[in-house]
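Going down the list, the protein sequences come from chains A and B. For the first sequence, position 92 (counting from the first letter as 1) is numbered 92 according to our numbering, and the numbering increases by one without interruption. For the second sequence, position 54 (counting from the first letter as 1) is numbered 54 according to our numbering, and the numbering increases by one without interruption.
Treat the hints with care, as some may be off.
Said to hold, decoys possible - Under 8 Å between C-beta atoms, here's a sample of chain A residues computed to sit facing chain B: (1) I8; (2) K11; (3) T62.
What the hints assert, rightly or not - With the Cβ distance kept under 10 Å, some of the chain A side facing chain B (calculated, not the full set): (4) G24; (5) A27; (6) M28; (7) A30; (8) L34; (9) K36; (10) V39; (11) S42; (12) G56; (13) A61; (14) I65; (15) G106; (16) A110; (17) T121; (18) L122.
What the hints contain is simulated information worked out from the structure, not anything from laboratory work. For each residue, glycine too, the CB sits at the ideal point set by N, CA and C.
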Amino acid sequence: MTDLVSTIIAKYNYWIYITLMMIGLYAMIAKNNLIKKIVGMSMFQTAIILFYVSIGVKKGATIPILEYSHGHGHDTQLVVHAADYVNPLPHVLMLTAIVVGVATLGVALALSIRIYDRYNTLEEDEILTQIREEK
Amino acid sequence: MKIIGLIISVLTGAMLVYAAADFPAWSDPSSPASTYLSPHFIEKTMEETSVPNIVTAVLADYRSFDTMFETAVIFSAGLVCFFLLRTTRRKESETETTHYRHTLTGVTIQIKEGHTLPPSDEFERIDSLWTPSGLIIKTSCRLLVPFIQLFGLYVIAHGHYSPGGGFQGGVILGASIIMLAISYDLRTIIERISEKMVAVLCAVGVLIFSGTGALCLLLGVNFLDYNALAPILLVDPLTARSHAILIVEIGVGVAVMTTMIWLYCNLSSAGKYNQGL
């Protein structure tokens, strides 16, 4: 029992990202309103960002900016231990993912505006009925 | 549909929980993600690129191909928004009404299309959903904008030594202009940065990045191998890497800033550019 509890506590970052991802996925599938679907997509993206950033963390490490290197130039020999700095790679990947997420959100909202212009509604079932009637 | 959605998301969650049992514990220094490539980045960045901020070095040097195409993705997102929304012609039934407010008495008048207001500086043009806005909001936003922009420039320029870079600084710069558009109106920022200027600057940002890469190609080395830029930048090859990273970060910053403005202008006015939020 204590074993299970310690496992749950040791991996709590995964449980948070899984919960967020499930909420996002459910909203994308089940919600009827297109804006709510877009909100679900954003939550899904946030879950993945959280997952990536959390696997870069190391115990006892600091942010990935080298210390004591300002103004020394490259001729001084600086000894850097990888264990002192968190993994920079997830930060890089998520940095671009956040901005690209905003850009795709913009495209999704633009599509919704166009759909609203055409059908005067953002409810999925009403749009589908109107499309069937047109045939 | 709701039941199916619930089943699918619970199944996915259960699979992820099952997979998470094999994942390393949180903040484990010997996790697979932290042992393969990242020690090389952390230990060699200073001698290979002379940039203390490892994130910037990885972003704009080791993984610069990735970043270049991310910038291209942002540019295409702005372009897609423009093509989806921008309307220059109106429907036949719609006639444009512009609203003017008499500043002394507060009387609002509508001017139908084809008529003009007699020349007078007592009238100001307002949006159709105009509400009496606070002087405090406008003044405080106007005073804050230069400092926000200065901070954005600092974040771009100081990305080598502190958290920052082109993406973050570009978003801050874009947000400052969007703040101006929200506290005043859309016309205020279009007077300052025209639509054409925004589109051209967005393309210029991507061009700076890919042009730096192509310049390396012209100098006889691989695409985006910044060492070759040393004779042009008049520094030794190692410092040239650091300087070239700054150049591409500026390109990214310009592209991101203008994309944010472009997206805002198109989305808030639904492509009409006459009035915003």
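Do the hints match the structure? See the list:
no.: 1; hint: I8; verdict: violated, 10 Å
no.: 2; hint: K11; verdict: holds, 6 Å
no.: 3; hint: T62; verdict: violated, 11 Å
no.: 4; hint: G24; verdict: holds, 8 Å
no.: 5; hint: A27; verdict: holds, 8 Å
no.: 6; hint: M28; verdict: holds, 8 Å
no.: 7; hint: A30; verdict: holds, 3 Å
no.: 8; hint: L34; verdict: violated, 14 Å
no.: 9; hint: K36; verdict: violated, 12 Å
no.: 10; hint: V39; verdict: violated, 15 Å
no.: 11; hint: S42; verdict: violated, 15 Å
no.: 12; hint: G56; verdict: holds, 7 Å
no.: 13; hint: A61; verdict: holds, 7 Å
no.: 14; hint: I65; verdict: holds, 5 Å
no.: 15; hint: G106; verdict: holds, 4 Å
no.: 16; hint: A110; verdict: holds, 4 Å
no.: 17; hint: T121; verdict: violated, 16 Å
no.: 18; hint: L122; verdict: violated, 14 Å
Comparing the model with each earlier hint shows violations of hints 1, 3, 8, 9, 10, 11, 17, 18; every other hint is respected.
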